[in-house]
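Student: If you read the sequences in order, they're chains A and B. To convert a position in the first sequence, counted from 1, into the numbering used here, add 82. To convert a position in the second sequence, counted from 1, into the numbering used here, add 82.
A couple of the hints might just be wrong.
Unchecked claim - Straight line, CA to CA, 27 Å or less: simulated DSS-like cross-link-like pairs of lysine-lysine: (1) B:K197 x A:K113; (2) B:K344 x A:K341; (3) B:K312 x B:K364; (4) B:K421 x A:K113; (5) A:K183 x A:K312; (6) B:K344 x A:K369; (7) A:K197 x B:K421; (8) B:K222 x A:K421; (9) B:K369 x B:K341; (10) A:K86 x A:K222; (11) B:K312 x A:K113; (12) B:K156 x B:K86; (13) A:K141 x A:K106.
Hint data in this document are derived by calculation from the structure and do not stem from the laboratory.
Number of protein chains: 2
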Amino acid sequence: MINKIALAGCGNVGTALLEILHEKRNILKNKYNFVFEVTMVTDIIKGTIADPNGLDLGKILEALHEKNSLKNFKQKEGTFDEILLYSNATMLAEATPTNLKTGEPGLSFIRTALKNGISATMTNKGPIAIAMNELMALAKENDAQLKYEGVIMSGTPLINMISSGMTGCDIIKAEGILNGTTNFILTEMSEGMNFDEALATAQALGYAETDPTGDIEGWDPAVKIAILAKILYGIDINVNDVEREGITHITAEMIDKAKAEKSKIKLIASIHRDCNGEIHAKVAPTKISRSHPLASVDGITNAITLTSDNLGETTLIGAGAGRKETGQALLTDLIAMAK
Amino acid sequence: MINKIALAGCGNVGTALLEILHEKRNILKNKYNFVFEVTMVTDIIKGTIADPNGLDLGKILEALHEKNSLKNFKQKEGTFDEILLYSNATMLAEATPTNLKTGEPGLSFIRTALKNGISATMTNKGPIAIAMNELMALAKENDAQLKYEGVIMSGTPLINMISSGMTGCDIIKAEGILNGTTNFILTEMSEGMNFDEALATAQALGYAETDPTGDIEGWDPAVKIAILAKILYGIDINVNDVEREGITHITAEMIDKAKAEKSKIKLIASIHRDCNGEIHAKVAPTKISRSHPLASVDGITNAITLTSDNLGETTLIGAGAGRKETGQALLTDLIAMAK
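Work out the full structure, taking the sequences as your base and the hints as a guide.
Tutor: What follows is the structure, encoded as structure tokens:
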């Protein structure tokens, strides 16, 4: 069977997915029996193209690399719903920009896919943070799959590890460095920069946005913890209910003091179930010993330690962002959905 | 459908599996839709019991805990093959002692299961190190599954991560601490013991065997690297072809020198594919910087860093042995086989 992929959102991540698919077509077929065509690509700026028999990925990538646009191709007119159905897609890869207030436009795209029995994967935290229950129910109802490996640590396979690698294990606590920007800033500060210099460097390197509030005030890891609350404990936590403290008040003196105590300050995002069954969710700068498994996690790298009944501490360290890394998350999910 | 489990080998790991299954019966049913009966338990010392309708796990565990024997139950007479078929098992959990020369008795047990279309999981490195190709072919031929999460890092889900979490990723290098005993010895040495003291401590704590050769000469991680060669690159490497150096010649002076250089000596097991496509497999004490992700992995903990095209470095740190940890590996595989 040919898997027909629709891609919504063709920015850095979407383009990386197309590149990986194009480069690895033969390997994916031979090693994973994953045969595919991309039958739709839609991007609010670059344009919308569709062909139920498969688009020419080579030409699409050439246009994206040279003109950063798909407008040279014949545009497909219609609503997203109409074009998705026209494309005969069997799976949707959703990589539109994250909107944590409305989840749009990704949320509507995913709803449309699932309602039509089309499985969906996303790297966009918005829809999953806002409507995970609804989307899971929709998927079940329509015999479709819903995946979202990329929403927490990009392609670093945390969600796969929880749902498939540790099946039957009771995860009591998850504690991690889930935001690369703040970890980069704290790392630079531990090497001598003050907060403003470190933030400016992060912005210059493209790690932090012009308005860095989402990162430095801890909103981004708080959303990820809210998603983990659902995955690990099946409960709904509003991001506003995550106890949250950012890193803006961290001074060079505090960093130096921690160093003198053979410790490091890290922005730790955590969730745990206490012995009364109550769930505690928190994001806060935390002093951890240099021998702690998360202490050596520097720069933009992410990491998480899961504490469980049968395995004790299991730590996963890896990329937390990046175009290829997040494209890989979509690929992992697409292949899993085809099985 | 009721999954009927046969357990071969009822030592620490086998008993831990039975404990987990007994404790978690309801959770496994409700959360994973995994409904099961244990229909056969065989152990060369403790005895052999079978009932196609399901054995009483509570009574079995009571007997194991109180008498360390199953001889009080009515013994089932016959060959392994006969009893396995009598038990109506749909899956075999194999946890007999490892024999790296013959793979027996586990190898024959697994062959019997697969030939009869019964899926098998093992925590025993022997069969997989000796006959992985044959067993994979047998499984395919008979429409059965073959799993072995526990053979490398016990329940820490390395194999799941490679086969399911990083699908489509090209893993160029794997480098890790895959033997807890030697890592414990090196950790104790870095805290002041000499080699003989550290080894004696490891033996006293049950981490090292009376004949510690397999660990301290690096045979155990070499076997794991040979298994990884097959999983990652599909090639057969004899354990004798893994370049191998143990830790017996490591002195307190060498440890101190490394410390002075802000480094640590770790027994690193590695395999990588160079740009000519050649595979290099090696186990050797290696000086790594204190900022290396593997440097903070102390004591009996295991860890591995996978370097891949799309994800860069992904590191997994966790238990490398232990009864519950390895029982969990069997459980993960059993649930996956039921899907």
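Student: Enumerate the violated hints, using their earlier numbering and listing them in ascending order.
Tutor: Violated: none.
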